[in-house]
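Protein chains in written order, with the numbering used here: chain A, 1 to 425; chain B, 1 to 365.
These are computed hints drawn from the structure, not numbers from a lab.
You may find that some hints are simply not true.
Stated by the list, open to error - Derived DSS-like pairs (lysine-lysine); straight-line CA-CA distance at most 30 Å:
1) B:Lys278 to A:Lys379
2) B:Lys281 to A:Lys248
3) A:Lys61 to A:Lys158
4) A:Lys332 to B:Lys276
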Amino acid sequence: MSVFALVDCENFYASCERIFRPDLKYKPIVVLSSNDGCVIARSKEAKQLGIQMGVPWFKTKKNFLKNGGVFFSSNFALYGDISNRVMNILAGMANNIEIYSVDEAFLDLENMNLENSDIADEFAMHCRSLIKQWVGIPVRIGIAPTKTLTKVASYLAKEQTKRPGIFSISNNWMEIASSLKKVPLHEVWGVGKRLGKKLSVLGLRTAYDLACIDISLIRSRYSVVLERTVRELRGETCLQLDKSLDPKKQIVVSRSFSEKITRIEDLFPIVNDFGVRACEKLRKENQLCSKAGVFIRTSPFRIKDKQHSASKFFTLSSPTNDTRDILNGIRKSLPIIFRRNYPYAKSGVMLMNFSDTHVKQYSLFNADNLLKQNDRLMKTIDQINQKENLIRFASQSEVGYTAFRKTNVSPRYTTNWNELPRVNE
Amino acid sequence: MKATISKESITKALSLTGGIVEKKQTLPILSNILIEFKDNSFKLVATDLESELTIIGETDACETEGTTTASAKKLNDLCRLIPDKSNIELNLSGDKLNISTKNGKYSLATLPSNEFPIFESGDSLNSITLRSQDLKTLINSTSFAMGNQDWRHYLNGLFLKLEEGVLTAVATDAHRLALNCLDSVSDINFSGIIPRKSVNEINRFIGDDNSELSLAINDTSLVLSNDNLTFKSKLIDGAFPDYNQVIPTGDSSLLDVNVKDFVSSLGRVSILSNDKNKGVKIHLVDNNMFIRSNNADNEVAEETVESKYAGEEIEIAFNVNYIQEILNNQTNENCNVLFFGSDKSCLILPPGGEFPKYVVMPLLL
Chain A
1 MSVFALVDCE
11 NFYASCERIF
21 RPDLKYKPIV
31 VLSSNDGCVI
41 ARSKEAKQLG
51 IQMGVPWFKT
61 KKNFLKNGGV
71 FFSSNFALYG
81 DISNRVMNIL
91 AGMANNIEIY
101 SVDEAFLDLE
111 NMNLENSDIA
121 DEFAMHCRSL
131 IKQWVGIPVR
141 IGIAPTKTLT
151 KVASYLAKEQ
161 TKRPGIFSIS
171 NNWMEIASSL
181 KKVPLHEVWG
191 VGKRLGKKLS
201 VLGLRTAYDL
211 ACIDISLIRS
221 RYSVVLERTV
231 RELRGETCLQ
241 LDKSLDPKKQ
251 IVVSRSFSEK
261 ITRIEDLFPI
271 VNDFGVRACE
281 KLRKENQLCS
291 KAGVFIRTSP
301 FRIKDKQHSA
311 SKFFTLSSPT
321 NDTRDILNGI
331 RKSLPIIFRR
341 NYPYAKSGVM
351 LMNFSDTHVK
361 QYSLFNADNL
371 LKQNDRLMKT
381 IDQINQKENL
391 IRFASQSEVG
401 YTAFRKTNVS
411 PRYTTNWNEL
421 PRVNE
Chain B
1 MKATISKESI
11 TKALSLTGGI
21 VEKKQTLPIL
31 SNILIEFKDN
41 SFKLVATDLE
51 SELTIIGETD
61 ACETEGTTTA
71 SAKKLNDLCR
81 LIPDKSNIEL
91 NLSGDKLNIS
101 TKNGKYSLAT
111 LPSNEFPIFE
121 SGDSLNSITL
131 RSQDLKTLIN
141 STSFAMGNQD
151 WRHYLNGLFL
161 KLEEGVLTAV
171 ATDAHRLALN
181 CLDSVSDINF
191 SGIIPRKSVN
201 EINRFIGDDN
211 SELSLAINDT
221 SLVLSNDNLT
231 FKSKLIDGAF
241 PDYNQVIPTG
251 DSSLLDVNVK
261 DFVSSLGRVS
271 ILSNDKNKGV
281 KIHLVDNNMF
291 IRSNNADNEV
301 AEETVESKYA
311 GEEIEIAFNV
321 NYIQEILNNQ
331 TNENCNVLFF
341 GSDKSCLILP
351 PGGEFPKYVV
361 MPLLL
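Just chain A, same shape as in the assembly (with noise of 0.2 Å):
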């Protein structure tokens, strides 16, 4: 019998933020996203005050701060760090571990005895305390025997009082059915708002509600998505841990501007520096892209201001991860959609139709030692970049753009000497 475990950090951003600020413990915290623009991550005394998700910050700064708030700018670096400790230790506690997101994580616990709740409680309650000795983050674990279903303990381990943070739902119907119905329709995992409301319609409340329906109408007027859905709720496990590293089907590296940009010869440079950020990237999966595309915008909340949004797709003649081949493509391309005198508030660049580095068609008409060239060419520079930025292209700007407003941003304590925390201070 399957049994698997949802692994979820609490708040997971702002976690970060308390590990090298213990004075921060018990105080309101909000992490903002790139360019300070709106709030994206919550502790649980923010959340008390009432600050909503994805709220703009310039409206509720105010009011969070009198309140005795504290907030930072989105440190990426120490978050993505932080993430990798936890999925180390998580790797380590089970056979197989599927990385959901950046705090979350399932893992296959496929000899636990579901029946007796001790058992998992105990392993819980261990993965709990170890993660929060050894990295800081608390997490919060649902244990079930479907993945669908450790999202619906995981959501109920939110409200325990006798063992925080731990729930588990074993095989047993009636305790399954006495879970779901102390969840509401939209929590369900694969549900959320907008099916939710459609579902309504049909008289659904609860995660119960929606695991009592008849199969087949959900199959004729939904999807085998969300009969699968339903199925785990009853307890038949449909989704099995997705083990495979998918590469990556699309790259994109945009930012939002810290000033708005009306000359096409301020903005090359900037759209270089994606478009070089991207080839990285694309060069560290080891694929090859043959389509790419730059967009630009204004900005749709400026309604004063002249408004434009365009995109230039552009194909490549055989697949590639040269950095220059996109720079080619981003200066033909650019002056297509660029517009004069229209503030730009964002821009970006995107690579697809992504194939693997080892996997190469041969073109009729190139020479075919051309890419092994290159290939060499931009693994020196990725090497010599790697530990600083030494080598860059001529259109690239100088000092390699920084887009975002980061007024309060954090030291990267995990990941860079000079700002580790120091004791003396």
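Once you have looked at the hints, place chain B on chain A.
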């Protein structure tokens, strides 16, 4: 404008011209078709500004001559659904085209015919005549290798060249190349790249007809016509690559294989090939051909195909679609494949013949 026409005449003409009209238009008039009645005959013209098709036919009765334009799609859909052998009356009244049948009346919006774009075919054209089925064979045996939305715009079409009495068609998407020739009694020379869409349209309106066609090409356009049809198309502005340079020469190993056996084996093996690159490996050794494929799920397929192979052992991979499309265009029972090395292109020819000639670049797997 008032005339009566049989359902069969107008639907055939409408379905042919309908292919030219693009679904998404920048100008409203381009979704319309030009209709003209004159001297007991009708003329339908459709254009997408890159090409134009004119079809002339006979009316049953032409009471008043005239011209207008109406939606190509609506007209086609409507006439198609009218019962067979019906007579259809078209009557322009103000800005409405009234269509009457035995049991129905329909009124369609029109746009003035003087707004309909006229296709300029440029300077005078040198023309040759050829049988339409010969042209169709030439197109069918090569056009599948045309590029599709390639950034090298000159690959997105069929290169047609008349030189020293030989009409040559070449298509390539840079991964494979198809070339075929047709002897023509003519001392004129011309060449041009016909856009992909126009090639497909020519193939469509030729159908099973084997009438005599006049083919003319100048620097910018192509005109193809017979008694009741004229097709004009702009040519792709660009230089077609030097295809002779990529046709492999030198020492090679010859594989002689039954086309049907080869195609069916490839079909089965390709099921377990990688979805992305469709790669299959061909291993040739001692008169044996092994075809293998595998995919990301570690599924494997292998078949042996009876064949004659004289040459060194070789293992080479191809995109299976490229080989299948070429084999599907073989008219002989067997075909010859010449290998020049595992990282070099191969040449596919009919046994003992030179044309049609296909070049396929391998995959590095």
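B:Lys278 paired with A:Lys379 [C-alpha distance capped at 30 Å]: Satisfied, since the Cα-Cα distance of roughly 28 Å is no more than 30 Å.
Would you check the hint for A:Lys332 and B:Lys276, treating anything up to 30 Å between C-alpha atoms as holding? Cα-Cα ~28 Å, so holds.
Do the alpha carbons of B:Lys281 and A:Lys248 lie within 30 Å of each other, as the hint requires? holds (26 Å)
Given the hint that A:Lys61 pairs with A:Lys158, does the C-alpha gap stay at or below 30 Å? holds (27 Å)
In this structure, none of the earlier numbered hints is contradicted; all agree with it.
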